[in-house]
Amino acid sequence: MKKLQFSKICKNFGAVVANDNISLSLGEGEILSLLGENGAGKTTLMNILFGHYISDKGFIEVEGKRLTPGSTKASLDAGIGMVHQHFTLAENLTVLENIILGTEPLSRLWSKKKLAYKKLEALSKRFGLLINPDAKVADLTVGEKQRVEIIKALYRDASILILDEPTAVLTPQETIQLFKVLKEMVNAGLSIMFISHKLNEILEISDRIVVLRHGKLVGEVATKKANKELLAEMMVGHKVTRPAYEKLEIGKAVVELNNVCLNASDGTVGLSNINLKIHEKEIIGLAGVSGNGQFGVASILQGLTHPSSGEFKLFGQSLIKYDPRYLTKSGVARIPEDRSKEGVIGEMALWENFLGEELRSKAKSGFIIDKKKAVNNAEKLIQEYDIRCEGAFASTRLLSGGNIQKLILARSLSNNPRFIIANKPARGLDEGAISFVQHQIINAKTKGAGVLLISEDLDEIFELSDRIAVIFDGKLQGPFDASSLTINQVGLMMSGEMKEGSFNEA
Amino acid sequence: MLELLELILTTSLWAAVVRIATPLIFATLGELICERAGVLNLGIEGIMTIGAMAGWLWVYQGGDLWGGVVFAAIVGMLFGFLHSILVVYLGLSQHVSGIGITMLASSISYYAYTMIIPFSTTPPKIVAFSAFEVPLLSSIPIIGGAFFNQTALTYLAYILVIVTFYVLYKMPLGLTIRMAGENPVANEAQGINVLLIRTGAVMVGSALMAIGGAFLTMSAFDAFYFGMINGRGWICVALVIFASWKPGKAFLGAILFALFEALQVRAQLIGADVIPYQIFSMMPYFLSIVAMMLVARRAAYPKALLVPFRQGDRI
Numbered sequence: 007m008k009k010l011q012f013s014k015i016c017k018n019f020g021a022v023v024a025n026d027n028i029s030l031s032l033g034e035g036e037i038l039s040l041l042g043e044n045g046a047g048k049t050t051l052m053n054i055l056f057g058h059y060i061s062d063k064g065f066i067e068v069e070g071k072r073l074t075p076g077s078t079k080a081s082l083d084a085g086i087g088m089v090h091q092h093f094t095l096a097e098n099l100t101v102l103e104n105i106i107l108g109t110e111p112l113s114r115l116w117s118k119k120k121l122a123y124k125k126l127e128a129l130s131k132r133f134g135l136l137i138n139p140d141a142k143v144a145d146l147t148v149g150e151k152q153r154v155e156i157i158k159a160l161y162r163d164a165s166i167l168i169l170d171e172p173t174a175v176l177t178p179q180e181t182i183q184l185f186k187v188l189k190e191m192v193n194a195g196l197s198i199m200f201i202s203h204k205l206n207e208i209l210e211i212s213d214r215i216v217v218l219r220h221g222k223l224v225g226e227v228a229t230k231k232a233n234k235e236l237l238a239e240m241m242v243g244h245k246v247t248r249p250a251y252e253k254l255e256i257g258k259a260v261v262e263l264n265n266v267c268l269n270a271s272d273g274t275v276g277l278s279n280i281n282l283k284i285h286e287k288e289i290i291g292l293a294g295v296s297g298n299g300q301f302g303v304a305s306i307l308q309g310l311t312h313p314s315s316g317e318f319k320l321f322g323q324s325l326i327k328y329d330p331r332y333l334t335k336s337g338v339a340r341i342p343e344d345r346s347k348e349g350v351i352g353e354m355a356l357w358e359n360f361l362g363e364e365l366r367s368k369a370k371s372g373f374i375i376d377k378k379k380a381v382n383n384a385e386k387l388i389q390e391y392d393i394r395c396e397g398a399f400a401s402t403r404l405l406s407g408g409n410i411q412k413l414i415l416a417r418s419l420s421n422n423p424r425f426i427i428a429n430k431p432a433r434g435l436d437e438g439a440i441s442f443v444q445h446q447i448i449n450a451k452t453k454g455a456g457v458l459l460i461s462e463d464l465d466e467i468f469e470l471s472d473r474i475a476v477i478f479d480g481k482l483q484g485p486f487d488a489s490s491l492t493i494n495q496v497g498l499m500m501s502g503e504m505k506e507g508s509f510n511e512a
Numbered sequence: 003m004l005e006l007l008e009l010i011l012t013t014s015l016w017a018a019v020v021r022i023a024t025p026l027i028f029a030t031l032g033e034l035i036c037e038r039a040g041v042l043n044l045g046i047e048g049i050m051t052i053g054a055m056a057g058w059l060w061v062y063q064g065g066d067l068w069g070g071v072v073f074a075a076i077v078g079m080l081f082g083f084l085h086s087i088l089v090v091y092l093g094l095s096q097h098v099s100g101i102g103i104t105m106l107a108s109s110i111s112y113y114a115y116t117m118i119i120p121f122s123t124t125p126p127k128i129v130a131f132s133a134f135e136v137p138l139l140s141s142i143p144i145i146g147g148a149f150f151n152q153t154a155l156t157y158l159a160y161i162l163v164i165v166t167f168y169v170l171y172k173m174p175l176g177l178t179i180r181m182a183g184e185n186p187v188a189n190e191a192q193g194i195n196v197l198l199i200r201t202g203a204v205m206v207g208s209a210l211m212a213i214g215g216a217f218l219t220m221s222a223f224d225a226f227y228f229g230m231i232n233g234r235g236w237i238c239v240a241l242v243i244f245a246s247w248k249p250g251k252a253f254l255g256a257i258l259f260a261l262f263e264a265l266q267v268r269a270q271l272i273g274a275d276v277i278p279y280q281i282f283s284m285m286p287y288f289l290s291i292v293a294m295m296l297v298a299r300r301a302a303y304p305k306a307l308l309v310p311f312r313q314g315d316r317i
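From first to last, the protein sequence lines are chains A and B. For the first sequence, my numbering assigns the number 7 to the initial residue and increments by one for each residue that follows. For the second sequence, my numbering assigns the number 3 to the initial residue and increments by one for each residue that follows.
Everything labelled a hint here was simulated from the structure, so no lab data went into it.
Only some residues are given here: those of chain B computed to face chain A with a beta carbon under 8 Å:
hint	residue
1	P174
2	N185
3	A191
4	I194
Straight-line Cα separation of at most 30 Å, BS3-like style, residue types lysine-lysine; simulated pairs:
hint	chain 1	residue 1	chain 2	residue 2
5	A	K347	B	K305
6	A	K283	A	K335
7	B	K251	A	K120
8	A	K451	A	K253
9	A	K481	A	K327
10	A	K119	B	K305
11	B	K172	A	K124
12	A	K142	B	K248
13	B	K251	A	K119
14	B	K172	A	K79
15	A	K386	A	K287
16	B	K248	A	K151
17	A	K347	A	K386
18	A	K151	B	K305
19	A	K120	B	K305
20	A	K118	B	K251
21	A	K142	B	K251
22	B	K305	A	K142
23	B	K172	A	K118
24	A	K453	A	K245
A quick note: this is a predicted structure, and the numbers were derived from the prediction, not measured. Ideal placement from N, C-alpha and C gives every residue a C-beta, glycine not left out.
Bound-form chain A, shown alone:
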């Protein structure tokens, strides 16, 4: 019997069609992957299933019974568990509190904690999900938090588990661990829906793959018959080419960090003795799980933070004044990690955002902004970088993530920078936009820039980088020649399991 059946689900958000007549089913003990780009409607569909949204048309059946729409409680009671992409956990509460929330009647005069401990222990053992129930969620690693999310669903005896982009935040080793757990759960009779846009993982874990594009279901294949190229084409709708890697003769050093240290401050890891040299015409990939010191490195390189000791040489000269404006002016470009928070000001028009980093130099006559010149310049760049928008006067927040990223690239790369900090430039973008961003970065390298590419996505790191450095707990390993490394080695270094000196520097 079908465990779960979606029938003709439609959902619009204003003029945007998020789900268009989607029907699909999930069998018992099956792992079904839902593949699609950002904005293809995967998360919307799952939120309808979980009662966060109400579909405009269509219905869902669980084991033949109609599901009450728009009620999280009904979905939970029907045995559906969801591991959200953005964890729904309270940081200040303990693991146990997060798990038992809502499982007891509110009128009960005391929580039956002893019983909860027992049930939790049994679950942990059965599926190999070890966790300390009394730990505060804020003190857990990302992987552990995800474990709590999964246990939360299992604790409620879920028989259908939805995982929304579960591997986005995990190291390769944690991903392997997760897949083991998922297999375990399927053996125990659970059905799983796995949402992702990472082709490798989908091919590895699922039994069957369903592809969504622009809110429509565009294809369904058994995993045995699928391959990467086929899936990519189904997902995007046309063939996509990632830029080809090319090794160039490197030039002078643009950035040199010598024994740079940074004291740990509230919530961020410090840096200890970072040594890094980046040359013209080379891309250095900085791999690592978020929160291991990337923030510190990026801040120093952008001139936002003064290192507590050590030297930062920019274009051969020791930097004395840490001033982002000075750095930008002397040829440092930045692609910030959180593009809509740090990269642009959403409420302002495109032309204003183009001025963002050069207010004092360009498009200015005396004290007054030369609006005409600024708008002209914006319109030129909009064309050149193919930014899809309603013109230079449109509000920036209306742009999609990919187009905001294009704006940032246009703004920083059109000045022919000599050094570029690209902090997770492809994060959250779809295949088409990723390919554009990568082409631009390669172009900049060809033109002579040195690039530091900070990323968690090892595929991206390996596709672009000449050399790869790994950061863990504020300490840097490498950089090593990219061709001398395997993804597995980098993964081990990212999780701190492979220490320095365990193999020779290339």
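With chain A's structure known, arrange chain B on it following the hints.
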């Protein structure tokens, strides 16, 4: 200095401390419950005022004392409900709505009072709660006579500290309230109606604030005056932070502030000819700020405080 030490060891000082602290305990607990659920309630000052007014009015019109307390609580709840509609259901600014509630509730109180007693120079008095000595406990030296020779409302305040603690930390209901203030999405993901929980918490919290106000007219004094809340509500907002959102610490904070207040009144009498009395009046507030800087700097505030929750929002 010696005089001050002698002062601290007198029952009469501590009796004053408890009297000053009681309305603060009620209102701080009320604010704490609201904020634990993620809603800042700056209506506190006005809700205390209208609570004071409502309780007094009930008794003045011939009702009995406990009826007055209940009436004050209900009126407080109504204003809490109004605040909830604005900030929980409509997601409006909690600061603006709260200040609006304070102005509205205070104005209604004063308006109603002048309508009922148009031509009075001395405020009419009621028969207030009288003190009740708890056997055994009240014979503890110094403290006993102070803490356990008070009116029934003070004992109610003690009990509420324990009840609030118990509900918040031991009951499933308390867990959902805390979760509503930490991460409402997590609450919803576990099938709980966040809006209902928040509204309930704000209403109960507001009821406590109103009882705190009523204590002033029905226990500390026996009449209603203009401006009688006199910033006590705002002090409670600060006390919640001082208490790091914990009921037990809220109790201690209220006692500590009351001690400053009681001491300054007495210090005025001792040092009045040397130092202007305004300096003394200032001390409790000044010391509160210092205490807050020392204690509450690392407080883990509810993560979703001030953050509205909308069902079906794009997550």
